[in-house]
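Trainee: The primary structure of each chain is shown beneath.
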Amino acid sequence: MSALEIAAAVRGGERTARAVMEEHLSLIGAREAELHAFNLVTSEQALAAADAVDARVAAGDDPGPLAGVPIALKDNLCTTGIPTTCSSKILAGWKPPYDATVVERLTAAGAISVGKTNLDEFAMGSSTENSAFGPSKNPHDITKVPGGSSGGSAVAVAAGFAPLALGSDTGGSIRQPAALCGVVGVKPTYGRVSRYGLVAFASSLDQIGPFATTVADAAALYEVIAGHDPRDSTSIPEALPPVLPRLGDGVAGLRVGLVTELCQAEGIAPDVAARVAAAAEALSEAGAKVEEVSVPAVIYGLSAYYLIAPAEASSNLARYDGVRYGLRVDAPTTAEMYDRTRTAGFGPEVLRRIMLGTYALSAGYYDAYYGKAQKVRTLIIRDFQAAYERFDVLISPTAPTTAFALGAKADPLAMYLNDICTIPSNLAGHPAMSVPFGSGDDGLPVGVQIMANALDEVTMFQVAATLEGAMA
Amino acid sequence: MTPSTPSPNASVLPEGWGMVIGLEVHCELATATKLFCCCPNHFGDQPNANTCPTCLGLPGSLPMLNEQAVELAMRLGRALNCDVKRSVFSRKNYFYPDQPKDYQVTQYDLPTNLGGHLDLPSGPRIGITRAHIEEDTGKLNHVGGGGRIHDAEHSLVDYNRSGVPLVEIVSEADMRSSEQAKEYANELRAILLATGVSDAKMEEGSMRVDANVSVHHLGEPWGTRCEIKNLNSVRSLGRAIDHEALRQIDLLTNGETVRQETRHWDEASGRTGTLRVKEDADDYRYFPEPDLVPLEPSAADIARIDAALPVLPGARRAALAEAAGVPATAGGVVMAVERGLDHLARAAIGGGADAGRVLTHVEHNLAVDGAETLSPERFGDLVKMETGGELTATQAKTVLAEMVATGGAPAEIAQARGFEALDSSALEGIIDGLIAAHGEEWEQFRSGDDKARGKLSGFFMGKVMQASSGQADGKAATALLRRKAGL
Ligand SMILES: [Zn+2]
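Protein chains in written order, with the working numbering: chain Y, 1 to 472; chain A, 1001 to 1487.
Everything labelled a hint here was simulated from the structure, so no lab data went into it.
Hints are supplied without guarantee of correctness; some may be wrong.
Here are the simulated DSS-like pairs of lysine-lysine, each with C-alpha atoms no more than 30 Å apart in a straight line [stated by the list, open to error]:
{"id": "1", "chain 1": "A", "residue 1": "Lys1397", "chain 2": "A", "residue 2": "Lys1475"}
{"id": "2", "chain 1": "Y", "residue 1": "Lys89", "chain 2": "A", "residue 2": "Lys1139"}
{"id": "3", "chain 1": "A", "residue 1": "Lys1139", "chain 2": "Y", "residue 2": "Lys375"}
Throw the hints in and build the complete structure from the sequences for me.
Mentor: Structural data, given as structure tokens:
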């Protein structure tokens, strides 16, 4: 059952939220040990919340558009009284005293959290192998990674543990695992969804977004979590145009650009490129005008990203110092306490990025690294703007290959290349999503990325719905 | 900015030496809530009572800019003649336990206020480099050991102050004496109070002054500067600067060099001591704060702020000085503006009261609560009674105190207290009677030396006061005695 079907059944009194929840918890019970989607399953709270939803329905109330729908939350979203670990040892024992804005909105819409999902530590990675609690496995082949960093959320939805999940996307961390797990993953426009309560990785790039099995479910979840929040100063004040009513409008007359630089980027596998070509053809058949387009600056995206994101991370992660919460390794002096705590608490990829970012911001290097990366970012925005004068949406592969084997990319640079197609939208702040479009030569899912201009999620979702329809 | 003409009141320095002073002043803005959250901006509560996820820097929390803080900072900028410009918040990264995020949100290359000036009451114009907005840190309490972070058994952190809005006002190195530095601090404080930007209490730490001090041989380049911290009063500021300048001169005359360092003023010993030596420039890895958007004040915003600015202390002193016909540096003028009594003084003077007496009362007799509620007419009436000889200076002071307390009219108070002034004929009658009754003493007063006359003057005045029940005007009586003695 899709999320929208569950909500309709619960609101209509045809099914109880408890029955829905029990069904999902039993699925989790059956396969979680094998897949490790979750850091924590909150069964008790979930069943209590389901009963509360049922009580409201019985009393004639409407619990909201996602009434009784189980949802999995990436474990970097703050949840009151429930451990939020970012899959890091450094947050051991920390329970937030507050809910993220998205969590508040989900609760208000009747959705019920089933637990906190695994991720690459502090969302730094593309395979979920950087988790301090061990990797998640791809439900389509457990010898393969699910992608990352929101791997646990992608697995939860792909395995049917929950019809919906939330992830966060800094350089592709929703879209890439969605592609590798064969589900829909959406990164909205930067500022569309409040970041309040999302543990920061790179503040100018981070954005929360939905995972779902269908485009309509993803749109429904997007409508619930998006919209202005005064607690996030970068939140967009503009009103949110509804997506669901326009989801079936089709693509007739839409101008679709196939981004040359991304389709031909380093490491794009032929079977993936073939699926993107097939998607272009499907859109063309549905009445869109598809052409190739060059967005030259995107080839510098990866380099710029690996300066900007670590720089911001080096500052955002400074607060994990052992003074106030989480892990503390005591030492004779404060400086040594900092040192020992952080060395023991952070994994190697986090330490690597903190070092990289600290260096990029250092006096004498700032202009050459951080400053120049910001200029590249401006160029990417400019080139995208030029493309959006001629096209309504742009498409490309989401990830260069289908899911790769666990441990296959021990070299960090090989891992970084996984995000080559997804990073440009984060740097530009534009919305982008991945929609499943068949499989590769190995039979594993392939995702097609749809990118749109800032604030134009509606058109992006319409194109996704069309591709989804073409596969049906 | 080139320094204004040095007016070195460098009397504390040996001949040929000069000192150069720049001040950095941190002021807490008088907002209801903190800079980035809704916690109360309130001093003196239970430790950590005023905290939330944002000012504790909890994971996932975000800053939400306080509009009132921005408004106050811009108001101060305009009061200091600064350009108020597009500004950007930056992160200043360094590890310290009183700083919950291990970075401070401040402004770096694009501050809200740039390039203004402040005119000292004594004349010199001091350049203002910038006045930027930033958040305060928490407070450490070191328990056990020597009470310092290095030897304490443990330390406690109170984050009530974390995220309290500050402006840091950086002056040019335009001051040449501790007197000027004190004047600057006082004048800045007056502006902060007049504009309602801060309550500017140095003792409570809502105004904190750091001084950069260097010395040089007059006519030669400036020396290496030291920064002095922990100045808890304007008086400490002056003492610390003089002490520091002399310390540096001592070093240089002994062939040693001045190290660039931060020094700590110890009020009890009256000395500065090394706090930390600046190795290379600290690298705070500043970068634009991605969780906040730039501030873009429009021309209309700035016009609105300008229109709402009160008349500033400098202009108020000038107006009162002109009305009173005295220099703007006169004690009574400075006090009147400092105590907010300049309107009262101007109205009284405008109504015909003697300016000298008005300013004397303001300076010496009106340092009390409620003085600002005095009716200018009644205050003027009092001064007129005094100059008309109806009240002595002492009586006028007593009546004035009662006027402040009760709001009564001076004539009625004087009458109720029996302060019927002696007219000159009654005074003359008393004195004639005393001369007749004390012929021997009178002869000695008339013909004796200064010493004898002084003693006998006291004798006669005592008798005059006794005979008049204290209502005689002392000055008038003395004058009459001397006239009658032919002196
Ligand atoms: Zn707070």
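Trainee: Against the structure shown, which of the earlier numbered hints fail to hold, in ascending order?
Mentor: Hint check: 3 fails alone, others pass.
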